[in-house]
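Chains as they are written, first to last, in our numbering: chain A, 1 to 385; chain B, 1001 to 1165; chain C, 2001 to 2270.
Because the hints were derived from the structure by calculation, they are not lab data. Fair warning: this is a prediction, and the values are worked out from it, not measured in the lab. Glycine included, C-beta positions come from ideal geometry on N, C-alpha and C. A hint or two may mislead.
SDA-like mimics (lysine to any residue), calculated; alpha carbons at most 25 Å apart, straight line [as the list claims (entries may be wrong)]:
1. A/Lys32 with C/Lys2041
2. B/Lys1159 with C/Lys2023
3. C/Lys2023 with B/Tyr1143
4. B/Lys1070 with B/Thr1039
5. C/Lys2118 with A/Lys32
6. C/Lys2041 with B/Leu1046
7. C/Lys2023 with B/Thr1039
8. B/Lys1133 with B/Leu1122
Residues from chain A shown here face chain C by an in silico Cβ test under 10 Å; the list is partial [as the list claims (entries may be wrong)]:
9. Leu107
10. Ile113
11. Tyr223
Residues from chain C that keep clear of chain B, each with C-beta distances beyond 10 Å, as calculated [what the hints assert, rightly or not]:
12. Ile2038
13. Lys2041
14. His2062
15. Arg2073
16. Glu2106
17. His2107
18. Glu2115
19. Asn2137
20. Pro2189
21. Lys2192
22. Thr2200
23. Glu2202
24. Glu2246
25. Ala2258
26. Leu2260
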Amino acid sequence: MLENALVGTRRYYGLLALLAGIFALGFLVYLKQIQVGLGITGMGRDVSWGFYIAQFTYLVGVAASAVMVVLPYYLHNYKAFGRVTILGEFLAVSAVTMCILFITVDLGRPDRILNVLKYPTPNSILFWDMVVLNGYLFLNLLIGWNVLECERHSVPPPKWLKPFIYLSIPWAVSIHTVTAFLYAGLPGRGYWLTAIMAPRFLSSAFAAGPSLLILLCLLVRKYTKFDPGKEQIQSLGKIVTYATLINVFFFFCEVFTVFYSQIPDHLLHFQYLFGGIAGKGRLVPFMWFSIVGMTLTALFLVNPRLRQNETTLAALCGMVIITTWIDKGLGLISGGFIPNPLEQVTEYWPTVPEAIITLGVWAMGFLILTVLYKIAVSIKEEINA
Amino acid sequence: MADYKNEFGVFAERPKVEKKIFDRNKIFAGLAIFVVLITIPLWQNLGKVVAAPTPSLDTPVIKKLADKEKKCIMPTDWMRANHMQMLVDWRDNVVRTAEQKVTTSRGREFVAPDGKKYLASLTNTCMECHSNKAQFCDQCHNYAAVVPNCWGCHLETGKKLAEAK
Amino acid sequence: MGIDRREFIRIAGLSTLLGLGGKGAFELLAPGRVDAEIVPKPEAKKGKRWAMVVNQKKMDDHTARKCIEACHRVHNVPDFTNPPNDKLKLDPAMANRYQIKWLWTEHFHNAFPGEEQKYPQEHLAHLNFLLLCNQCNNPPCVRVCPTKATFQREDGIVMMDMHRCIGCRFCMAGCPYGSRSFNWKDPRPYIKETFPGYPTRELGVVEKCNFCAERLAQGLEPACVEVSGGLLIFGDLEDEKSQVREYLRKYFTIRRKAHLGTNPQVYYIV
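Start from the sequences and build out the full structure, keeping to the hints where you can.
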C-alpha cells in the first residue's frame, strides 16, 4: 500500500518537499537547542512549561477525536461514517506522532528518554501518558492499515481486529483524560486544580478534532477524486456544534466557581489571562478573542443553514480550531504558571527558535498526514473506479 | 475478488504471481555500494597503525606515594576491566542504593577487599591521584572511541589538589 | 530470488527489531559484575526525619545573605544575575528566567501568599524570609516524577538523582513552593568559584536544596545552618531531645501552604 505514497501529482510532491523543508529547518534549530540548552526558548524558572507542551496538549485532543468517527460507525452501525473512519484514524496517527515529538523536544535530556521505560513509575501520570500515547499510536496504525488493506481487496476486516477497534474507543478517551490528569492533580497550581479539567479537555478535543477533519475532508474533495461525502461532513458538523457548545458551557462553569468563590489561588490566574495583573497581560486580547469567538461560533453553528452551507461551515470550523488552540495552546500553560506559587508574575512568550522547532514538528505531522492520506485516498479512488 | 489470502491467513487462496526481480542491475549496483559504505571502517584504516594508548601515571600525588603504596584502590587488571561498573555502583549507592526499590543512600565509603576505606567519589578519590585526565583517562577512552559523560558534571580537580593550588 | 517486497520488508523489520531488542535486553539483563561494598562513614549524622526551623524573628539580611552564599558556594550553584565576567552578562529578564535558587529570600506576602494583611506587624512588613525546598513529608514532586529521579529517602530528605533526571520538569510544575530550578543554560561559565567537594550540573536537569545530604554523610551540618549563627536550627524531628523539637515546643511556628497536605518540614518562627 505504501507504493501509493510514492506516486502523485506535482502538487503532491511539492507539498511533501515544502513540509520536509520546514521539518529540516526545525531539526537544525533543534540541534542548536540540544547544544545550547532549553534556555533558547522563552521558558524559565517560573514558566517551566511552554509552547511545546501546549502543542502536545492540543494535539492529544485532536488525536482523541478519531473516536468521534470510530464510535458511531463500529459501535452504532452508522454506515455513512465508513467512508471517513480511515481519515480519522490516520489523523490520529499523525497527531499522536506530533505529541510524542513535542514531548521529546521539550525534554532537557532527550538522551535519557528511555529512563521512563527503564524505571517505570506507576504513581507518575507522565508514565501513564507515555503508555497510552504509544498504545493509541499502535492501535490506530494497526486498525487503520488493516481496514484500509481489506477495503482495497473488497473483503471485510479480519475478526481479530474487532477487539482492537472496540479497545480504541475507551483508549481514545483515556489518552486525553490522562493528559488532563497531568495538570489536574498538582496541588500548587490553582488554575489546573479542578475536576472539570478532563471534561473540558475532552469537549475541546471533540470540537477541534472533527473541525480539522471537516476541513481535511473538504480539501480531499477539492484536490482528489475521492469525495468523503456531504452527509458525513454534516454529521461531523453536528458533533462539532455540540462539542463546542459543551466546551463553552464548561468554561462558564469554571468562571462561575472561580469568580463567585473568589479564592485568590484560582482567581488570580483568570485575572491574569483576562485582565492582566499589574500591567502585565500579553495574553488578554488572545483570551478574549478565544472565548468570545468560541461562544459566537458555537451559537452560529447551531443554525442549520450555516452548517449546511459548506463555505460557512468551513469558516466556523476554522474559528473553532483557532479559538480552541488559543485556549489550550496559549492560555492553559501560561495561565497555570502565571502568577507563580509565590504570586509573582513572570510573563512568557515563545522565542523565534522555539517557534521554528514547533513549526518543524507540525510540518513533520502534516508530512505524515499527507503521506497517509495519499495512501488512503488513492485506495478509495481505486475501489470506487 | 473474494478469494484472497493475506499473511493473517483468514481468507481463501492468494492468486499465484510470478515473482521476479525487476531492475536487476540497479539492485545489485545499490547492494554493492551499500557493502562498500558499510565496511568503510574496516578497509579505510588498512595499513594504518594507531598507537596503543599510553596512560601516564606521572602525577604529583602518585609520585609522592611510597613504593609499596603505589597502587590503586583495586588491582590494576581488575580496574581496567571493571572501573566503569564500579563507578556506576558507587553512583547508585551514594545517591540511592543498588536495589531500585530502596531509596535511601547507603553511605559514602568504599571498602576495598584489603579492608581499606576510601571515599566513594570520582573527583575526590580517583581524580586526586589521577589528576592528569588528558594523559590518563582520555588515552584509553579516545582509543576505544568511548565518551563517558561523567566530567560534564563531576569536576576534574578534587578538594585536596584544589587546596594545594 | 523468490522473495517479494512485502516479505523482504518483514524480514528486514524483524531482524532490526531482534538486533536492537537483543542489544537492549543484553544491557538490561547483563549482571553487574561488581558488588561494591559501600558503607556509611561512622561519623555520618543519623536521623529519622530531618527538619529545619528558621528563626525569622531574629533573622537579618546580612545573615540571610551569608547563608545563601554558603549554600550556593558549596554546591556550585551558578549565578546568572552576577556573571563572573562581563561578556556573559544577560539582560535582567533573561537572568531571572535562568536563575538557579536553592536558598533565597522573599517578602512575607510572596513566601506565604494568601496570609498577608493590609496592616501587618511592622517587623514583618519588610522582613526577608529565607526560602528553600521544604523537604515535604508528602511531596507532590516525588509523586509526579516519571523516573524516580527525585525520590524521598527514609530519613525524609527529598533527593535529586541528576544521573537519572530526563529534564521533563514535571516536578517543577508539581512543587507548590517554587523551590526547584532547571538548568536552561550550561551553568559552568556562571559559577564564580568551583567548589571541588561537590559536582556541578549539566544542561537539562532539575536541581534544588538537598538538606546538604552529602555533608550530613560526612557528619557536618548543612552549610546554611553552619554560617547562620544559630538562626537556622537543623535536626531530627523524631528525636525528642533534638534542638528542633525544643524550638517547636517553645515557639509558635508556621509553615508554607500547610493546608495543601504536603507536610512541609521547614518551620518559621515569626
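Provide an ascending list of the numbers of those earlier hints which the structure does not satisfy. The structure conflicts with hints 1, 2, 4, 5, 6, 11, 12, 13, 22, 23, although it agrees with all the remaining ones.
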